[in-house]
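Participant: Residue numbers (the working numbering), protein chains in the order written: chain A, 431 to 771; chain B, 431 to 771; chain C, 431 to 771; chain D, 431 to 771; chain E, 431 to 771; chain F, 431 to 771.
Some hints here could point you the wrong way.
Since the list gives no way to pick one copy over another, a pair counts as held whenever it fits inside one copy or between any two copies.
Stated by the list, open to error - Simulated pairs of lysine to aspartate or glutamate, EDC-like, Cα-Cα distance not exceeding 16 Å:
id, residue 1, residue 2
1, LYS659, ASP642
2, LYS531, ASP490
3, LYS752, ASP642
4, LYS601, ASP514
5, LYS664, ASP726
6, LYS531, GLU493
7, LYS432, ASP607
No wet-lab data here; the hints were simulated from the structure.
Protein chains: 6
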Amino acid sequence: MKKVACFGEVMMRLSTPGHQMFGQARQFNACYGGAEANVAISLATFGVPSSFITRVPANDLGECVWQELRRYGVGTQGVYTGGDRLGLYFLESGAGFRSSKVIYDRSHSSFAALAPGMIDWEAQLAGHDWFHWSGISPAVSQSAAEVCLEGVKMAKQLGLQISCDLNYRSKLWQYTDSPEEVMTELMALTDVVLANPDDAWHYFGIKAEGYDIDDPAYNEAVLRLLVQKFPNIKTAVTTLRRTINASHNSWAALMLQHDESLLSPVYDLNPIIDRVGGGDSFMAGLIYGLLQHPDDLQYALNFAVAASALKHSIEGDANLVKVADVAKLMEGSSVAARVSR
Amino acid sequence: MKKVACFGEVMMRLSTPGHQMFGQARQFNACYGGAEANVAISLATFGVPSSFITRVPANDLGECVWQELRRYGVGTQGVYTGGDRLGLYFLESGAGFRSSKVIYDRSHSSFAALAPGMIDWEAQLAGHDWFHWSGISPAVSQSAAEVCLEGVKMAKQLGLQISCDLNYRSKLWQYTDSPEEVMTELMALTDVVLANPDDAWHYFGIKAEGYDIDDPAYNEAVLRLLVQKFPNIKTAVTTLRRTINASHNSWAALMLQHDESLLSPVYDLNPIIDRVGGGDSFMAGLIYGLLQHPDDLQYALNFAVAASALKHSIEGDANLVKVADVAKLMEGSSVAARVSR
Amino acid sequence: MKKVACFGEVMMRLSTPGHQMFGQARQFNACYGGAEANVAISLATFGVPSSFITRVPANDLGECVWQELRRYGVGTQGVYTGGDRLGLYFLESGAGFRSSKVIYDRSHSSFAALAPGMIDWEAQLAGHDWFHWSGISPAVSQSAAEVCLEGVKMAKQLGLQISCDLNYRSKLWQYTDSPEEVMTELMALTDVVLANPDDAWHYFGIKAEGYDIDDPAYNEAVLRLLVQKFPNIKTAVTTLRRTINASHNSWAALMLQHDESLLSPVYDLNPIIDRVGGGDSFMAGLIYGLLQHPDDLQYALNFAVAASALKHSIEGDANLVKVADVAKLMEGSSVAARVSR
Amino acid sequence: MKKVACFGEVMMRLSTPGHQMFGQARQFNACYGGAEANVAISLATFGVPSSFITRVPANDLGECVWQELRRYGVGTQGVYTGGDRLGLYFLESGAGFRSSKVIYDRSHSSFAALAPGMIDWEAQLAGHDWFHWSGISPAVSQSAAEVCLEGVKMAKQLGLQISCDLNYRSKLWQYTDSPEEVMTELMALTDVVLANPDDAWHYFGIKAEGYDIDDPAYNEAVLRLLVQKFPNIKTAVTTLRRTINASHNSWAALMLQHDESLLSPVYDLNPIIDRVGGGDSFMAGLIYGLLQHPDDLQYALNFAVAASALKHSIEGDANLVKVADVAKLMEGSSVAARVSR
Amino acid sequence: MKKVACFGEVMMRLSTPGHQMFGQARQFNACYGGAEANVAISLATFGVPSSFITRVPANDLGECVWQELRRYGVGTQGVYTGGDRLGLYFLESGAGFRSSKVIYDRSHSSFAALAPGMIDWEAQLAGHDWFHWSGISPAVSQSAAEVCLEGVKMAKQLGLQISCDLNYRSKLWQYTDSPEEVMTELMALTDVVLANPDDAWHYFGIKAEGYDIDDPAYNEAVLRLLVQKFPNIKTAVTTLRRTINASHNSWAALMLQHDESLLSPVYDLNPIIDRVGGGDSFMAGLIYGLLQHPDDLQYALNFAVAASALKHSIEGDANLVKVADVAKLMEGSSVAARVSR
Amino acid sequence: MKKVACFGEVMMRLSTPGHQMFGQARQFNACYGGAEANVAISLATFGVPSSFITRVPANDLGECVWQELRRYGVGTQGVYTGGDRLGLYFLESGAGFRSSKVIYDRSHSSFAALAPGMIDWEAQLAGHDWFHWSGISPAVSQSAAEVCLEGVKMAKQLGLQISCDLNYRSKLWQYTDSPEEVMTELMALTDVVLANPDDAWHYFGIKAEGYDIDDPAYNEAVLRLLVQKFPNIKTAVTTLRRTINASHNSWAALMLQHDESLLSPVYDLNPIIDRVGGGDSFMAGLIYGLLQHPDDLQYALNFAVAASALKHSIEGDANLVKVADVAKLMEGSSVAARVSR
């Protein structure tokens, strides 16, 4: 089976239990995750061999990251040890009209302190067929951006498919005024991209006419402009999330490939147990779909949407459902939701 | 007041807290229940004297069953002690598009090891007016099926009304290829039956035209065929559950008696806290209704549906609402749902 | 900034975790609140200096009240110590068609045992601009009613604005057959009143034609009759709650001022995490709005409705959101409900 | 088997989890107990048929009392319904040098409001051989004291053995200045008494020479004076608790009968999980011992001490060990403490 | 580094939280363990490559076993899938004079249903230097005993060192009256054995003079008799546990090799957090010591005792401390117990 | 009453529940504390008006610090807002021979980024009589050290008493090789110092003859050398902790003033619930004692030891007992440890 390598930061996530606000919490639920690790774990759970490349501190919290990746069967040969601290983020879990809140506390992390030359990219990518990165890694520090570029270049050189989730986060990108420059170099080597209008705007100033992020047509127009700018992109995808409230969204996706656009079914997500990692689970589903069903793009897209629809019912960063669970949902949601006994 | 005896297995239920998946759970919530015990507990909570006939091991877990039944005021004279183990089941509580999952671990239980002659049926049923069994008991082992038949025959002999919830479970019935044979003998002595199209099909190969389990008309047609096959049945009922997702169902019921069919109001169940035991709570409501309002079948049916609508808001196997709670909901759901203070 | 003083009882609230019924609970979540304290805490969280006047016992539970008020920055100079016990209430948190239940256990509390002369009203109200009381205080005991009247009179004498939430509770008012008499004297001095048709009926026998509490027009008619009876009322408001089930309500409000009536937007509250304190959070939002935007009544009304819509997503008695959170929701709910990161 | 009836109040106990202080607790563990109910539950768990006579309010909390007693198999025919509230007590669980704290909140309870004539004592005591009361019941209110006296008189008349745990509590006895008078009348009819020097002093002004409550000889001297005052007492017992700290006590007992004094073995209790109910579990063990081994007083005493030593390892008010567990400890503590597998 | 393979069953352990009794528990803590898996996990945590050979069912609970082993870095190539159920055990955690209780529920497990030929022993043991089994595997079923013998024979053939923890459990061994026969054949191939007087007596009828299991000399005498019977044993070891109560033991060990006996230091274990797995952690420490310090038996023995002393402070079956933690304790307990900051 | 100002960092503390190891924790208990804030909170709880000077980020976690200080009545006028993050520390709670572990994550915190001129020391210290700082503040960053010196100088100028807890932490002091230089300047202005031999050695290279940190004489000798070096010190104190294991210590203290040395009683701490903050609670007790009993140094010392003995029974950083609790323990530990009811 094809093998996938992912590169990114793993953080400790500290979330308030139930729907407590930060000021109410006397306990935090702890788990470990990050945009790209969520992809690696979901792929491993789908049965796709995946490896993870990151850096963690040499303390008990860093070790928890090793344990968590190993537990799900993700390869940990690429987990480097060093640096000062594990990045953290705090999550206040919203409900109804009260949105979830994230407080990042990831500056000066072991990952952010990665420097060129630290990772033996050739060894780490050898034997893999796909390399996945996201816009978060180049955002955390200049040196991490450089390391990310090392990886993307080596992946290209070794002939791997390269995918990226643009994942623009306004609170990151502190070290530069021109994310565009950094991202352009990386994007020019990337084959599959997950991007939404916000990403396209903030990174590349791309905007289509008649701004309406809830409109599939507008999303498609943005993707077309993006592909125009980066003709190396083979597959461009966007998720279509409409937010009724923090507990209730609708969810779908749109794919653009060779001028052809495909639309997925729409899922009505209600209630949402945890929407963090929704996009990551979509990305994992997409990679799975493209690897396993390369000739059926509609299937690949639908698989990705169904997989991530299921993720919204799972607490924690990572999607833990299997291929059979996704397939069951694709057959029909009411069948899927009956008690399995 | 009329007295009801129920026969069946009581298991320890180990459910994941919140909506955790099995692989995430570090704790399990424990409670005790089973299809028929749920009926007995609900009846006792409605104020109907009920007794329970079962078998549990002579250890601390078996004792928990005694305590739980006693706590709700269910008669425990019929709880026999012996055998190797208490049956268990594990429950992963779903949400949204992720369905709940049940892993049964009930083989070789004290109940499954029941053998003819172990229960003094005459003593246990004396002084009762109604006997309730379900399709689960004959499914767990051949000897349990034989014991169930002993009970049904004695109940008939003593002049009790006999009710059954067909409750087909594909994971049980391991010991025989012909459940039909076993069930036919039992059904021929039964007066009131709760059956859905799936049960009718799997047990008796009964199927009506134009298969659509969400269609009341189809359900009625199946009930008519069932009653045709078992003319001894006085009252046949089916619940009508439409599954939007694991957290959202619609809920109603249909009754067939003397060729006349009655339809209940429809309840929109959202959110569902726990749907396990939904059918059992309906059965308890039905028995209550038929005993207390024998001349008003529509009331009996509506009571059963309202009672079980409330059950979906309660964690655990058993329905713990009282007659007054059900009556309040029957008056109008918006009144019922206001804070009582 | 203008300062607000509130008078009322603070109770320990003991609520069942999750959606457990009283009989299932082996633990109770504890917090501290009461109709008027909820107003004071919400105002302090909005940045409005607020003080609280109450009485608690001289034990560790009474001290918890001090700590909780101080924690949110509410002034505690008016917290008197004495009496026998802290009032309590037990809350069973409903879901779906099962309503929440409240068991009051507040008789003989330190607050109920307040007697005229105990509070130095002049000192406590000095330097304040607004005084808030609710119909609960005169309901708990005759002497508390007399103390409340002392406060209202002193507030009037010192030139404070006076507001009241009528808050009729049928389980209180044990000491008299004529709440009307008590309330009439208090109302005659009050400027701003929050009242719904139930309050108006039970206190003053006021009923408009064509009873329909879900109809804004009916609510407006009642408010008009109320203002007719108490021409001193400058602003009369009612909340419009429609109860689909215990987890799903719609929520809006209507204001009557100088013959002009204003209607707020409607919020669809689903799911409701905790509706206790919903009206109190509205009252706090209203006072904030009237103080900060005295010339824009529509804004004040809309602020109050949005603030209390958010409260329904927060466990506990008090609304803990800030002005910026409310403003974000007023801009549009789908924007508000996105993850803030 | 001989049957025992107990009379007293059942309260809801709200204890802080872990060793939290009141001001730290955001949750309270809830259970139900009281000095005399703890005796009844322990006896039922020993296999001695026991009945309980009390009064609880007609609400869901009162029902929890019913459920809890039934669960352990205690007869509930004597549980009357009525009155305003269930008595409560709050418990802060100490550790090391920090002692546990109790805040009683039991005034005006349904039990305290019991009045003469409410209990049909003849019916309740019929068929029983032993009646147990404690000094707490006459302490809560004058009318409860009168009801207690009714019970003791009827028990005497019907020929039951009567036992009492003196249980002096300084925070109770609010209604009278002379507990002595009340207690003297009750004690004059009592056969078996559990009393320590504090009880003897506070109730009857009894003090021996050379005050030292840790000295068995001093305790024996007090018991001799007590029996001198009440020659009707056949068996007088005291427990000998030495407090090293809140987590570490030593524990023994001394019995005086017909001038003969017996001393039990000493148990070193470390750690103590919960010492509330320690004396009650001793009383239950003593009644069991006297009923089952009437001719071996040393065995009865040792049984009571061993039973209550085990109670200190159990969270909650009531002792839940069985006769076999006690017997195992009596054989030797190191054997008892091995893992049973 | 030398590699160790272990063979045995992994069960789900369901333990009561805090020190609750079975009848009090509404939740169970879940973890996964078993005598031999505990050894493999501890070795992996010490940095010794270890593999595990077992069989689990093809369901979500079986998968939890995979995840748990992988998490700690134990090789899972030898985990076979099949059979009906995962073995369970329930644990009531004792305290003070109340001992812990175990209820096994492991009959008919996937492991117990292992049959000869199922495991490719040659492939599983290839590349390993040490094979560990315990007396529990041959005790669960005849076929498991046969599979165990297959493994031991293959290990011998491939030249591995073989160790065994005798681990006699009276509740197992249901299938035969002569465990001795089964065990003799296995023991004749074993090099290192952990045995206590109870094991020696129940398996082989070995008893020395002057029975006193707390006396090191008696233990040594038993070991000498055991080695006399099985001259192939190179190293025989016993742990010396003295039980003051369930929370307080003393702990040491004695080794016999070539007629020479060595005694370890004694550790005073107080409080004990969890003594389950104490012997397993000793065994892991011993294997580590013998592998890493083959020429310093005293060090190996002391390491094993210190490692297992630490285990008693850890909740769960497995010892999770590292070599450095053990070394710190060996340097002196008071140093070890200071806060590390 | 005299007023005390304290200066230092407040961190979020994330501790594993029960005695879980970091790798086992799925939840962390959260509280807020720091060496100097613990002093301020304890003083406020003793009734001594205290103020706190610190800096926290402008986010919800920074606000939790405000709330926590306010809750205990500590003055928060000196809490400045700014900087990037709240400092954190992770705590693994040990037991028996397994020591507790701390992982600091406080670099780059809002407090560490304090710079000279940020704090208006004159305003903050006005009206106070005592200023307390600890060796932790100058250790976190050079600029924090400079700010600390500003404070100490202003305190001296305004005539406040100045106290310091040396609190050497090897993991801090990253910015300089000569802590001695920094500390010497600060110490030269300090009146009361809490120092142990480790502090004296690491900061100032002070060592007495015959190194034995458990020996009071050795500790006294070190204090004499320290006072020799800093003749401005009026009162030098050291705590005497002997560590039997992580759950069991002995605890006392020694004071040196004007050549006279005083020794406190010794407390046997068993079990220890939480030893973090033990020294801080001692410091608070000492300040209280010196302020309230300036003429009875032995009382002041004994009060400090008793107060901190109680702290060891409380989970969390801060001591929450009152003066009356301490006084009760000083009267005799067995009296103190009885249930207060």
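Participant: Now tell me if each hint is right for this structure.
Facilitator: Evaluation of the provided hints:
1. When the C-alpha separation of LYS659 and ASP642 is checked against a cutoff of 16 Å, the pair qualifies neither within a copy, at 21 Å, nor between copies, at 51 Å.
2. Taking the closest pair of Cα atoms, LYS531 and ASP490 come within 16 Å of each other only across two copies (10 Å); inside a single copy the shortest separation is 27 Å, beyond that limit.
3. Neither within a single protomer nor between protomers do LYS752 and ASP642 lie at most 16 Å apart by alpha-carbon distance, with minima of 34 Å and 29 Å respectively.
4. Taking the shortest Cα distances, LYS601 and ASP514 sit within 16 Å of each other only across copies (12 Å), while inside one copy they are farther apart (21 Å).
5. For the homomeric pair LYS664 and ASP726, the shortest alpha-carbon distance inside one copy (15 Å) is at most 16 Å, but the shortest distance between copies (55 Å) is not.
6. Only between protomers do LYS531 and GLU493 lie at most 16 Å apart by alpha-carbon distance; the minimum there is 15 Å, versus 27 Å within a single protomer.
7. Taking the shortest alpha-carbon separations for LYS432 and ASP607, neither the intra-copy value of 38 Å nor the inter-copy value of 43 Å comes in at or below 16 Å.
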